[in-house]
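Based on the sequences and whatever the hints tell you, model everything.
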Amino acid sequence: MTRRARLWVLAAGLLAVAALYAAACTQLPGFGGSWHPYGDRAVRAALQQRTANAVSSVNFDLRGFDTLGEESVLFASVLGTVVLLRRTRDEKRVPPEPVRVPAPLRRYGRLMLPVTLLIGLYVIAHGQLSPGGGFQGGVVAATSLHLLYIAVDYPALERFRPLGLYELADGAGEAAYVLLGAAGLIAGSAYLANVLPPGTFNTLSSGGTVPLLNAAVGIEVTSAVVVLLAHFLAQALEIEGEREEGRST
Amino acid sequence: MDDAVVVAALVLVAAAATAAVLQRDPARQAIVLSLLGLSLAALFTVLQAPDVGLAQLAVGSAVTPLMILLTVRKVRQRKGRPK
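Heads up: the protein sequence lines correspond to chains F and G, in order.
Letter 19 of the first sequence, counting from 1, is numbered 19 in UniProt numbering, and no numbers are missing.
Letter 15 of the second sequence, counting from 1, is numbered 15 in UniProt numbering, and no numbers are missing.
Keep in mind that the hints were calculated from the coordinates and are not lab data.
From the three backbone atoms N, C-alpha and C, an ideal C-beta is built for every residue, glycine too.
Listed below are the simulated EDC-like cross-link pairs for lysine to aspartate or glutamate, each with C-alpha atoms no more than 16 Å apart in a straight line:
#1 G/Lys74 <-> G/Asp25
#2 G/Lys74 <-> F/Glu238
#3 G/Lys74 <-> F/Glu91
#4 F/Lys92 <-> F/Glu238
Some, not all, of what chain G presents toward chain F, calculated at C-beta under 8 Å:
#5 Pro50
#6 Asp51
#7 Leu54
#8 Ala55
#9 Ala58
#10 Val59
#11 Ala62
#12 Val63
#13 Leu66
#14 Met67
#15 Leu70
#16 Arg73
#17 Lys74
Footprint (simulated), chain G over chain F, 3 or more residues, beta carbon under 8 Å:
#18 129–137
#19 226–234
This is the structure:
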């Protein structure tokens, strides 16, 4: 296809999308109004399943298959990053020199690390009850570990972050979600069907499979972000290629 | 009153996003991007979407800027050395 023909195809596609989008927007409820056709149905379904956080009910129950796709996107992209950022044959690992960290920064890190980790774990554990869940809490928990790098140094982070275990947990989290879906297929009617008893509204064990799927996502996201940042950190601080050997001389 | 808060958050997002585009140094851009993430999180919270706000806060204001900063450091290492 010539460049001109490609541009025409692109223009036709863009025009069609613009027309459909504009047509769809005319049917939207007004901003800030009191008519919420989708919201009302989602909240009714969430209450039926005894899930206090309606968003989690949508993510892990009504549209659990969507979330499986999203989780797999993260899993695949981390896998791709691990492959791309591996140490190649002409590169070598040079341990970074220790850096002096100012005392206030050290104190800040020591204070904030447990607090941040606790917040992350709390947000994961209460995904079915209050705003947040496995994804949000997972990112917070993974970020908290990296306060070690900021407040102490890189070797300290490496010591408290067994990368192999996190890689294992990343795969285990993804597998747990897939298998929980299969459990719905065996015990109930469909893949990812909510087959467990819904429990008492607004308690930790309510929502049937929602807290379990939420926990699987929490494990997967925490490990995925840790593994992702570990490879970025290794490339930026440790791995040196042929062309970069001039540093020490 | 509610509208005023929404408008203030929208203006903040527009200002932070414009600043991120106008800043040409990638390392500083990462810092402005983190401010943009923070203001987007505020906007989502004001619009009653705390779930998305939390995700935006964690990813947009911490993880993404950190990944950009690490990438900039790696690229500069490569460029800065004599051959």
